[in-house]
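K.L.:
Could you put the whole structure together from the sequences, leaning on the hints where they help?
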Amino acid sequence: MENLKAVYINEIFKISKKKKITSVFIFTIISVILSAIAVYSLNNFAGIRITGSSEFSIMVLTILSYSVFPLFTSFICIDMFAGEFAEGTIKFTLTGSASRFNVFLGKIIASAAFIIVNLIFAMLLSLIVSLFINKSIPNFLQILLSYIMAFLPIFIFALAVVVISIIAKGTTSAFMLSIFVFFAFNGLALAFPGIKSFLFTSSFDWYRLISGSYINYSKILRIFLILLGYIIMLLSAGYYIFERKDI
Amino acid sequence: MYKAIIIENLSKMYKNNRGIQDINLEIEQGEIFGFLGPNGAGKTTAMKIMVGLMKADKGDVKINGFSITHDYEKAMKDVGCIIENVTPFPYLTAYENMQLRGRFKKQVDETQIDECLSITGIMKFKNEKIINYSLGMKQRLGIALAILSNPKVIILDEPFNGLDVEGMVEMRQLITDLSKQQKTTFFISSHLIHDIELTCNRVGILCNGKLICVDSNNNILQNYSSLENYYLSEVDLNGES
Numbered sequence: 001m002e003n004l005k006a007v008y009i010n011e012i013f014k015i016s017k018k019k020k021i022t023s024v025f026i027f028t029i030i031s032v033i034l035s036a037i038a039v040y041s042l043n044n045f046a047g048i049r050i051t052g053s054s055e056f057s058i059m060v061l062t063i064l065s066y067s068v069f070p071l072f073t074s075f076i077c078i079d080m081f082a083g084e085f086a087e088g089t090i091k092f093t094l095t096g097s098a099s100r101f102n103v104f105l106g107k108i109i110a111s112a113a114f115i116i117v118n119l120i121f122a123m124l125l126s127l128i129v130s131l132f133i134n135k136s137i138p139n140f141l142q143i144l145l146s147y148i149m150a151f152l153p154i155f156i157f158a159l160a161v162v163v164i165s166i167i168a169k170g171t172t173s174a175f176m177l178s179i180f181v182f183f184a185f186n187g188l189a190l191a192f193p194g195i196k197s198f199l200f201t202s203s204f205d206w207y208r209l210i211s212g213s214y215i216n217y218s219k220i221l222r223i224f225l226i227l228l229g230y231i232i233m234l235l236s237a238g239y240y241i242f243e244r245k246d247i
Numbered sequence: 001m002y003k004a005i006i007i008e009n010l011s012k013m014y015k016n017n018r019g020i021q022d023i024n025l026e027i028e029q030g031e032i033f034g035f036l037g038p039n040g041a042g043k044t045t046a047m048k049i050m051v052g053l054m055k056a057d058k059g060d061v062k063i064n065g066f067s068i069t070h071d072y073e074k075a076m077k078d079v080g081c082i083i084e085n086v087t088p089f090p091y092l093t094a095y096e097n098m099q100l101r102g103r104f105k106k107q108v109d110e111t112q113i114d115e116c117l118s119i120t121g122i123m124k125f126k127n128e129k130i131i132n133y134s135l136g137m138k139q140r141l142g143i144a145l146a147i148l149s150n151p152k153v154i155i156l157d158e159p160f161n162g163l164d165v166e167g168m169v170e171m172r173q174l175i176t177d178l179s180k181q182q183k184t185t186f187f188i189s190s191h192l193i194h195d196i197e198l199t200c201n202r203v204g205i206l207c208n209g210k211l212i213c214v215d216s217n218n219n220i221l222q223n224y225s226s227l228e229n230y231y232l233s234e235v236d237l238n239g240e241s
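Taken in order, these protein sequences are the chains called L and Z.
Those letters in the first sequence? Residues 1 to 247, per our numbering, in order.
Those letters in the second sequence? Residues 1 to 241, per our numbering, in order.
Think of the hints as simulated: they come from the structure by calculation, not from any bench.
Think of the CB as a built atom: it goes at the ideal place given N, C-alpha and C, for glycine as much as any other residue.
Accuracy of the hints is not assured; some may be wrong.
A few chain L positions that, by computed beta-carbon distances, are all more than 10 Å from chain Z [what the hints assert, rightly or not]:
#1 27
#2 131
#3 144
#4 176
#5 198
To give a feel for the contact side, a few chain L residues facing chain Z, derived at Cβ under 8 Å [as the list claims (entries may be wrong)]:
#6 3
#7 9
#8 10
#9 13
#10 92
#11 94
#12 246
#13 247
P.N.:
Next comes the structure, spelled out in structure tokens:
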């Protein structure tokens, strides 16, 4: 447990020292502000009501879930695995007396923490901005649940990037492969709508299932179980390859 | 005497049929063991397996009584190492890199980190990012990382690489002092045979993946004028030129 804690703190420390962490917050702020300007202009000058106060935070979440979050999560995961393999710094990490399981788990928990911090930051920012746009109290519980639900598919994408990063020879190939997987899964969902529900990329906006007046609990449970299956499969595959990899 | 390192039937073959075969070796506590061999003999492969960076096809390594395969964390708890080259995180400072390593060890504080940086002569560069370090400075940092928290076993692959003459003398002295004063066990590979001769108590030669001989420095120097002559004769006998 001590070693796992050490790996986790080290990974968070390394993430905090990278310029990417500043970039992700800047991009999130820009996305929220641009969305706010667009919504405010349309609401007040074009006479079109685009969103209510709760919907603004959800709209921001949808924009970020398909852009900034997966992009920067993949950067961080690639740096953690493919980057360390390419630079040789993985030797430093692995000889710190933590077992490979603890190193792998520590890195995964750190990437999950990165996603959670991003989501919290985006949620708080969008809530504050939505107060200025709509001047009414948003449905905080629904927004909170939506942001919690959004974590799962982004985390699954992070795990997919981790598996790719362990296999890939370098950071560029890992990034290109990750982008390919993201677009291939989205393309498959368009080409074969029958298998859409089995593709995790189709669940990036599954939090919308709780935003209507009727909530389909069985569908939510089904998607949750599919996402859980992805997590188990990707965690197992990632650890299996990481454990067997010769440095 | 307590065996700090036990290597049993260690084998690892690559697809090109090179690697190491059936290495057996026991190293006592406080010993400074020199691991010699021509390029491609398998020294780094053996050392990588010893610290868990590679998996052996067969055999095991026990450090301080714990198997590296089955009890990795316990085996590595009191081990410091440099393998192949020093690879600290380039975007962090020397002090931050030491902090990263220190989190795995108990009771490592700022004083201890500063002490290790002072011993290796890079204290004045402690807040500089590694990206600006020379090869020699990185090597000194590698040694500082290896000795942090006084490990019982230190495994060093080419520790004198990139060091200036002054640095080599200082590091040799450091190794000898730690071995004598704290009974630290050293396992060192180097192609600088003169440094091995001056530093190590016992020497093993690896050739074509096999450990062809192990002897104490005193015995060797009774029969040969230098370790270099002994090394060349043993390697020649085993078909290397």
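K.L.:
Each hint should be assessed against the structure and marked as holding or not.
P.N.:
Results for each hint:
Separation of residue 27/L from chain Z is adequate, the least Cβ-Cβ distance of about 20 Å exceeding the 10 Å criterion. The non-interface label for residue 131/L is consistent with chain Z: the shortest C-beta to C-beta separation is roughly 38 Å, beyond 10 Å. Against chain Z, the non-interface label of residue 144/L holds: every CB pair exceeds 10 Å, the least being about 33 Å. Consistency note on residue 176/L: stated as away from chain Z, and its beta-carbon is indeed over 10 Å from all of that chain's, at 23 Å minimum.
With a minimum CB-CB distance of about 35 Å to chain Z, residue 198/L clears the 10 Å threshold, and the non-interface call stands. Look at residue 3/L: its Cβ gets to within about 6 Å of chain Z, closer than 8 Å, so that hint holds up. Checking residue 9/L against chain Z by beta carbon gives a least distance of about 6 Å; that is within 8 Å, so the hint holds. Hint on residue 10/L holds. Least Cβ distance to chain Z is approximately 5 Å, under the 8 Å limit.
For the restraint placing residue 13/L at the interface with chain Z, the shortest Cβ-Cβ distance is roughly 7 Å, inside the 8 Å limit, so the hint holds. The criterion of a C-beta within 8 Å of any C-beta in chain Z is met by residue 92/L, whose closest approach is roughly 5 Å, and the hint holds. For residue 94/L, the interface hint holds, the least distance from its beta-carbon to any beta-carbon of chain Z being 6 Å, beneath 8 Å. For residue 246/L, the suggested interface contact is upheld, since its CB lies about 4 Å from the closest CB of chain Z, less than 8 Å.
Checking residue 247/L against chain Z: minimum C-beta separation of about 4 Å stays under 8 Å; hint holds.
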